[in-house]
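Student: Chains as they are written, first to last, in the UniProt record's numbering: chain A, 1 to 779; chain B, 1 to 779.
Hints may be right or wrong, so weigh each one.
Just so you know, same-sequence chains aren't split out, so a pair can sit in one copy or run between any two.
Said to hold, decoys possible - Here are the simulated lysine to any residue pairs, SDA-like style, with alpha carbons at most 20 Å apart:
id, residue 1, residue 2
1, LYS671, GLU681
2, LYS77, ASN136
3, LYS207, LEU218
4, LYS687, THR137
I should point out that these hints are in silico values taken from the structure, not numbers from a laboratory.
Just so you know, these numbers come straight off a predicted model, no measurement behind them.
There are 2 protein chains.
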Amino acid sequence: MALVSWVMDYTIAFCQQAQKWMYGGLDSNMLLQYLAWVTYPVVLITFSAGFTQILAPQAVGSGIPEMKTILRGVVLKEYLTFKTFVAKVIGLTCALGSGMPLGKEGPFVHVASLCAALLSKFMALFGGIYMNELRNTEMLSAACAVGVGCCFAAPIGGVLFSIEVTSTFFAVRNYWRGFFAATFSAFIFRVLAVWNQDEETITALFKTRFRLDFPFDLQELPAFAVLGIASGFAGALFVYLNRLIVESMRKQKTINKFLLKKRLVYPALVTLLVSTLTFPPGFGQFMAGQLTQHESLVALFDNRTWYKQGVSEDFDYLSQPQAWNHPHVSVFITLLLFIVMKFWMSAVATTMPVPCGAFMPVFLIGAAFGRLVGESMAAVFPDGIHADGTVYPIVPGGYAVVGAAALSGAVTHTVSTAVIVFELTGQISHILPVMIAVILANAVAQSLQPSLYDSIIRIQKLPYLPELGWGQEKYNIRVEDIMVRDVSHITLTSSYRELQEALMSGQLKTLALVESSDSMILLGSIERSQLQCLIAQQLGRSRRLEYLRERAQDNGTHLPTLSQDTPPKSGRGVRFLVSTMALERGSEFSLRVDFQCLCCAPPYVSHYIQFTHFFQITATFCLCCLFFFWKSNAGSMTPKRRRPKRVRITMAIAEWEEHQLDEPVNFNNCKIDPAPFQLVERTSLHKTHTIFSLLGLDHTYVTSTGRLVGVVSLKELRKAIEGSVTVTGVKVRPPLASFRDSGTSTSVSEVTELHKLWNRHRSMSLPREPNPDSMETCV
Amino acid sequence: MALVSWVMDYTIAFCQQAQKWMYGGLDSNMLLQYLAWVTYPVVLITFSAGFTQILAPQAVGSGIPEMKTILRGVVLKEYLTFKTFVAKVIGLTCALGSGMPLGKEGPFVHVASLCAALLSKFMALFGGIYMNELRNTEMLSAACAVGVGCCFAAPIGGVLFSIEVTSTFFAVRNYWRGFFAATFSAFIFRVLAVWNQDEETITALFKTRFRLDFPFDLQELPAFAVLGIASGFAGALFVYLNRLIVESMRKQKTINKFLLKKRLVYPALVTLLVSTLTFPPGFGQFMAGQLTQHESLVALFDNRTWYKQGVSEDFDYLSQPQAWNHPHVSVFITLLLFIVMKFWMSAVATTMPVPCGAFMPVFLIGAAFGRLVGESMAAVFPDGIHADGTVYPIVPGGYAVVGAAALSGAVTHTVSTAVIVFELTGQISHILPVMIAVILANAVAQSLQPSLYDSIIRIQKLPYLPELGWGQEKYNIRVEDIMVRDVSHITLTSSYRELQEALMSGQLKTLALVESSDSMILLGSIERSQLQCLIAQQLGRSRRLEYLRERAQDNGTHLPTLSQDTPPKSGRGVRFLVSTMALERGSEFSLRVDFQCLCCAPPYVSHYIQFTHFFQITATFCLCCLFFFWKSNAGSMTPKRRRPKRVRITMAIAEWEEHQLDEPVNFNNCKIDPAPFQLVERTSLHKTHTIFSLLGLDHTYVTSTGRLVGVVSLKELRKAIEGSVTVTGVKVRPPLASFRDSGTSTSVSEVTELHKLWNRHRSMSLPREPNPDSMETCV
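With the hints as constraints, model all of the structure from the sequences given.
Tutor: See below:
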């Protein structure tokens, strides 16, 4: 991953240099210059969007929401394929090379996870520990840390950020692994820079040089706190704006239709708009348009004060701050314009269908905002605030660091951005202002909006479990209020028909197996695919052929010869050929039914083909071909004459099927999970949520003394949580909760139920003295 | 907590200054000087040990192992009382003030937790959210972070360290709270220093001044790696040494007996030995004996090289490095002696029965070890390693930082010590060497020894669940191999006698309630105390009196008059007086039985005493006294004459009791948990461990299709884990696991069991065609 990251960074830097070179070379003609400045990113972004669209549309966007969902236990397999990896890496390189306000972090988490998943798959070929599913989750968890770690050379921040962003409950044993992986990726990432002679030794990515002896004054803390609170509001606004853009485009049906048809128009238009506005000789001159993200950040973290423009000799050895120093406009205006323009540009740009993240643009805006506050402070207190003799001027660069951490923390709802800035800048002297600002920003942003990643999860409708809010409701709502009582189940005595109906009705991955419909005692759960396999076996070709053979033996047709030549195994092997041929020729109903039944057979039957049976297969195939050719030919040429016989066969097969479906299911070769997760009716919503989050469940059965009474899936849980705790803070009780008082009534009803059981047993056993009711009164 | 920490630091510094002042003032007489140097710490430590012993023996030691156990869900209530708080704070201050190699961190985690627990209790008086048990755990979790955070002014490191040390699974929602609390405690802690004019502004506790532009050479990394690996071995050795000392003292029975009798002798002896060895004019001159921990650490983190002793002008403005610079002995010898002596001294000192931690001494030794390696590197490469022109000399202080993080990481098995050193030194420039060294140290130490805290948990035999090791065993062992099959249970039709027997047999906090002994269907679990209450009610005084009254009405004795005068409530109120009197006089069997029965009545009955019944009580008491005095007097004086009557009453009561015990239990007023946690027999050890850790369980029932078949408690689980993964790496399979092959046989047995059920149902239902066995063969 470090190598990927470094190569990507190198390519991106090359792309951006190429754009600058073109722009610089054409300085004789403004129009040509403009065209070069604009066309270059438009081409790159369009290519990125098109390439991703064609190869793997799953590679679009950040990837963190998807990883959060996957680590939650939901299988999104198409997100972890090699195609997605290629699409993401190339798409991301092009998108970032265009110089648009896009980030690398989120997609990099996805790329690292892809890498881990592919590595797991590869290692699983050799067997051993990698075969285990649990191990894969651990790998993915470490991969997320690596993604952030080698993107910013921030191993600790990477681990913490990935934990905060992707997990609800974190196994501390994975922590060590994350650190290990992230440290080595960050190390290799920085060593590559040293080997490439970019750096003399391993240092931070955006090294700052603030003074160590007096980093900030205690009296500056209120300013840092205000910066944190303002960042919190700005972060919430960013998330809201981002969602608003997506949703408004979805609602506008004509726009939506057009954009769905011409998928490349939207990114091209957005890129055109953004690059036009940043065109350096145009509006760009007021917002440091010619700087790349990296250059801007280095400039913003500069340890000198820009406001004192008279001291020009300070500005000579670094060219970046010059870009902010417009001859006619104050640095405050430049910064303000930069913040405002980049804010909406980033919000719009991150909605483009290319692989891109929002962390870095937000980080940059935060740094600019911090710098603005810092420069203002420096303007108000030109000699610093400290009263005791020594002059310690204010360091606006410190404010930029604080602002960057606070705004990115607010948007992502994390506090580990604080650690990331320390690792990015290589200085930890501003730890307390950063921590205070980040915590305040989080407090404000979390109370206003979900995090950017949760917002994307909601927009994309990924199956994710929201967090429980504050309040007591979660303890008063119980599973019985939210569970689905009509559980699609099968019993030990179910017929295949009932099985088929149960398969049609439910949506869950598994079906409950109960002892009988009366007792409803839960025995286990069976996967849907297993049951489909059972039906396929029951109505499969071999049994059908056998039936036909038997029937033919009675009626004296020539079918037996064919069937006797067909051993069950090889018969299965060729059935697709036969069926396909039959379908191609538009053959009769009975054959099509046969095909359908065979299609729902599980894929593993193809394993039955053995090469020792090769000759048998060949012979069977020829016979089959001849037979079906004759049969369908005859059918198509003389439909009316042959129909009575075909109808007779069809009818017979339909009858046979009906008969087969009425048979009881044979569960002998069926994998049954004897321990599906169970809750009881009185489990509180809070406990249910905790268990679902902890164990990464998809659904659980609700049982009462062993009897299946309901099922709760993620969907119900999500509804219950979102019903009880809405974003705006209005709390709604679920419909059934109002029928019940909490507290004493519960124990009464519990006692009543047990009393019933008890009475039942008492009535069965011998009558005893004394009467329990009188005992109760005298106690 | 910040205030407590600051005041404690202030007092400790004052104590240490006082010792220095005494020592300095007596420089005319070496013997007096020695006596002053030695007596002072002996007195302080003895006071600390004695004070703790008298007030709250739970305050002894680090506290982190206990917190780990408490956060695991085990209730150790006596560890969270106000007495313990006072004992810990005062004991710790004295212990640290003595200048012994003891730490503040571990106890501070305990103190913070005590503070949180007391605060929770106080807030619970006002009701609301603090009433919830879960909230308390969250408070404790944040408190641990605060403890470390305000001890080192390291909020981020504090949060991470507390997570690593105390949790197995961590709820990310607590993370934010920990950060919030730790940041503000660290902030206040440092602000107090500013207000006290100790510092100009908020900076790190052990501020370093390493150069920023070239912190270390890439080619120094192997040296850092070696330092990390060596620290790993040293850390494991420290843990081993610490345990060896405790265990060898326990084994030596005579020593053990003596020390148990004279508890203050051991700490006094240890202190005497340690302070004698550090006496500055004596052996202490070779190991910088006059420096306190704080001074030593500041000196070790110094950014200059000590080896170049010629450049003496560098040494003038800081006096601490002078202590290391013995006129006749090389700085290498001084450092080596310091490391070796402090190593065993710390290991011994932390076994003293005073509130003390081991983190800081280990940290100091690590720093000295790092400094030693650094100085050696500086001696070997006097002009640095870098080849390209510029001379970048090696910074031994950087090695000290790396060594401190690596050794403390190895001893505690944490990687967050890396973050702690960054926050302590205020510089993050050595991030990669620190991370690499810490990870390598952890890898070595974790494979050799448990962490210091786990080691203490094992020594103290606290009920804690060990971590699962590597390997496949954990997937092959199942709950059925480790569960206790003979579960003490009660049924709905149980008699009180069976209840009593069940209560006698089991050790768990709850008893299982099943439908009947045949069906064994689990209905719920009942707490032990509830059941004791049930029995007490059944055989309680009021019912006994009622029986006697009824009996007396039949026989015409004078008991009824007494009973009529005694209303049930007040009768309960006086029963202990009566019983005690009876016991004092060595009275008869029947009375003793009565006393026993009354004793097992729950304590809440004493609440029934109401002051409105005062007169009734007084009257009853007088009557009772008279009656029993007459009765017991008569009994003692004329035993043989009175016995027939007493025996008759006794017999009658015994008979009545027998009869009462045979009655079925009335569960009406009993709180039943309808959802005790259940596993199935096939749950793997790995899953069981995960569920126990995640949910903080004490025991779970094992059920098979609703029937109770066994129970697994922490004890069984611990045995299974320790049996399969021993410390030395030898893996033993549990006895039952060898009787079973993993893989296919499982599904076969599953199928067989279900087949049985299925056949049972088929035999009950109508016979169907065709035969399923023939179906099976033809599929």
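Student: Next, verify each hint and record whether it holds.
Tutor: So, going through the hints one by one against the coordinates:
For a Cα distance limit of 20 Å, the shortest separation of LYS671 from GLU681 across copies, 16 Å, qualifies, whereas the shortest one inside one copy, 28 Å, does not. Taking CA atoms no more than 20 Å apart as the test, LYS77 paired with ASN136 passes inside one copy only; the shortest distance there is 13 Å, against 40 Å between copies. In this homomeric assembly, LYS207 and LEU218 come within 20 Å of each other (Cα to Cα) only across copies, at 17 Å, whereas the closest approach inside a single copy is 24 Å. Taking identical chains as interchangeable, the C-alpha atoms of LYS687 and THR137 lie at most 20 Å apart only when they sit on different chains, with a minimum of 15 Å there against 23 Å within one chain.
When each numbered hint is compared with the structure, no violation occurs for any of them.
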